[in-house]
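Enquirer: Listed below are the residues making up each chain.
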Amino acid sequence: MVVISALLGCQAEQGVVQGSHYLWTQQGKLINFPQDLRGEVLLVAFFYVQCPDICPLIAQRMVQIWQALPETRGVRAVMISFDPERDSPERLREFAEAHQLPEPGFVLCSGKPEVVEQLVQQFGVVVQRTPTEFTDGGVSYFFAHSDVLFLVDGAGRIRKRYTGTDAPIAQVVRDVQQLRHQQ
Amino acid sequence: MRGWQVLCLVSVLSGGSLAAVESVLQFRDFWARPAGRAIPSAAYGVIVNNGAKADTLLEVTSAQAARVELHETVRDPQGRMQMRKVERIVIGGRDSVILRPGGLHIMLYDLQQVLRPGDTIELRLRFAQAGWQQIACPVGRSQQPRRRPTLPEHHH
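These protein sequence lines map, in sequence, to chains A and B.
Per my numbering, the very first residue in the first sequence carries number 1; after that it's consecutive.
Per my numbering, the very first residue in the second sequence carries number 184; after that it's consecutive.
Simulated from the structure, these hints should not be mistaken for lab results.
The beta carbon of each residue, even a glycine, is placed where N, CA and C say it ideally should be.
One or more hints might be untrue.
Said to hold, decoys possible - Partial chain A-side listing against chain B, Cβ under 7 Å, derived:
| id | residue |
| --- | --- |
| 1 | Val-49 |
| 2 | Ile-54 |
| 3 | Phe-95 |
| 4 | Pro-113 |
| 5 | Glu-117 |
| 6 | Phe-142 |
Stated by the list, open to error - In silico negatives: residues of chain A with every beta carbon more than 10 Å from chain B:
| id | residue |
| --- | --- |
| 7 | Ser-20 |
| 8 | Gln-27 |
| 9 | Gly-28 |
| 10 | Lys-29 |
| 11 | Leu-30 |
| 12 | Gln-121 |
| 13 | Gln-122 |
| 14 | Gly-138 |
| 15 | Gly-154 |
| 16 | Ile-169 |
| 17 | Gln-171 |
| 18 | His-181 |
What the hints assert, rightly or not - Covered stretches of chain B, going by a simulated chain A footprint (3 or more residues, C-beta under 8 Å):
| id | stretch |
| --- | --- |
| 19 | 217-228 |
| 20 | 248-255 |
| 21 | 271-280 |
| 22 | 283-289 |
Work out the full structure, taking the sequences as your base and the hints as a guide.
Expert: Dropping the structure here:
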């Protein structure tokens, strides 16, 4: 179990993503996270496609960070959906297109519920499914969820966490650059 | 005006006190988030009430979405972000309400079409006093101000 506490310096380690987690991507490929991305610096966020307000803001902030990076080689932005029931590769691809997420830099993925749950726990993200009833009587569900962006190094170690929607762009760019040079 | 700072002019759909309505409510900087048919969108902007009396936004409809709801995103005590349905939004006299990402917003579900930057959607807003108002809402991204716009000075 990963313990994530206060904001620490980039040198610090806040936990290691352990085990193999097979996830489908927006391209319909199956990846083993984070093994298949070993050696790359990762910006990781958790989201769900049906979120109309906060998750697009997180994605937008990740794009801003991405565009501010002087070099994106060796860096990957990973968005993991905690709504595998709805977020098929097609849905993920639709989200990526709607929000003009750079490819191949951005990997959107989800997986079997138990796999996603393991990752949610390892990253210390809080996710709670909340049923909702619309005015017209229709029913659906949302999620109450953490608003976090993680910086993960090439060995799968969680090095830092930021507020997702409001991550300090210049600081994150510096942290990514620092990790890239340490690889 | 720059970017999405568009002043959306009001067109009155129903009869009634047309002159008074046109001069009372303004819809500024409205924009909607790009979305796919299976992905909800959200609309944001500023509703300015230049009149002395409060008005209340009761509902919103759109030809481009089968389901439209008023929602607010809030951070709960555990730090989680969650949405809650809002039944109505009151705009005080000589006051304004900002609909913005991470706050009050208009949610658009079950879209009839993909919304791409450059598209325009129509929103119909029903107010308790002003009745139905229609605005054209561009699809794109915003540099929407976080603060309230400056309002005309209120003289008693």
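Enquirer: Are the hints correct? Go through all of them and say.
Expert: Hint-by-hint comparison with the structure:
Because the beta carbon of Val-49 of chain A sits about 6 Å from the nearest beta carbon in chain B, less than 7 Å, this interface hint is met. The criterion of a C-beta within 7 Å of any C-beta in chain B is met by Ile-54 of chain A, whose closest approach is roughly 5 Å, and the hint holds. Interface restraint check: Phe-95 of chain A against chain B, minimum CB-CB distance 6 Å, threshold 7 Å, status holds. Taking 7 Å as the C-beta contact cut-off toward chain B, the hint placing Pro-113 of chain A at the interface is violated, the least distance being around 19 Å.
The beta carbon of Glu-117 of chain A comes no nearer than 17 Å to any beta carbon in chain B, farther than 7 Å, and the hint placing it at the interface is violated. Contact between Phe-142 of chain A and chain B, as hinted, is supported at the beta carbon level, the nearest pair being about 6 Å apart and thus within 7 Å. Remark: the non-interface label on Ser-20 of chain A is consistent with the geometry, its nearest Cβ contact in chain B lying 28 Å away (cut-off 10 Å). Even its closest Cβ contact with chain B, about 16 Å, leaves Gln-27 of chain A beyond 10 Å, as expected for a residue assigned away from the interface.
Residue-level check passed: Gly-28 of chain A sits 16 Å from the nearest beta carbon of chain B, beyond 10 Å. At the 10 Å boundary, the C-beta of Lys-29 of chain A stays outside the reach of chain B, the nearest C-beta of that chain being 20 Å off. Look at Leu-30 of chain A: its CB is around 22 Å from the nearest CB on chain B, clear of 10 Å, so calling it non-interface holds up. Separation of Gln-121 of chain A from chain B is adequate, the least Cβ-Cβ distance of about 15 Å exceeding the 10 Å criterion.
Every Cβ of chain B is farther than 10 Å from the Cβ of Gln-122 of chain A; the closest lies at roughly 18 Å, confirming the non-interface assignment. Against chain B, the non-interface label of Gly-138 of chain A is violated: not every CB pair exceeds 10 Å, the least being about 7 Å. The claim that Gly-154 of chain A is not at the interface with chain B holds, since no C-beta of that chain comes within 10 Å of its own (minimum 29 Å). Against chain B, the non-interface label of Ile-169 of chain A holds: every CB pair exceeds 10 Å, the least being about 15 Å.
The claim that Gln-171 of chain A is not at the interface with chain B holds, since no C-beta of that chain comes within 10 Å of its own (minimum 20 Å). The beta carbon of His-181 of chain A sits about 32 Å from the closest Cβ of chain B, which is more than 10 Å, so the claim that it is off the interface holds. With a cut-off of 8 Å between beta carbons, the stretch 217-228 of chain B has 9 residues touching chain A; three or more are needed, and the interface restraint holds. Counting residues of the stretch 248-255 of chain B whose CB lies closer than 8 Å to any CB of chain A gives 3, which reaches the minimum of 3, so the coverage claim holds.
Check result for the stretch 271-280 of chain B against chain A: violated, 0 residues qualifying (beta carbon to beta carbon below 8 Å, three or more required). Interface restraint, the stretch 283-289 of chain B with chain A: holds (3 residues with C-beta to C-beta distance below 8 Å; minimum three).
The structure shown violates the earlier hints numbered 4, 5, 14 and 21.
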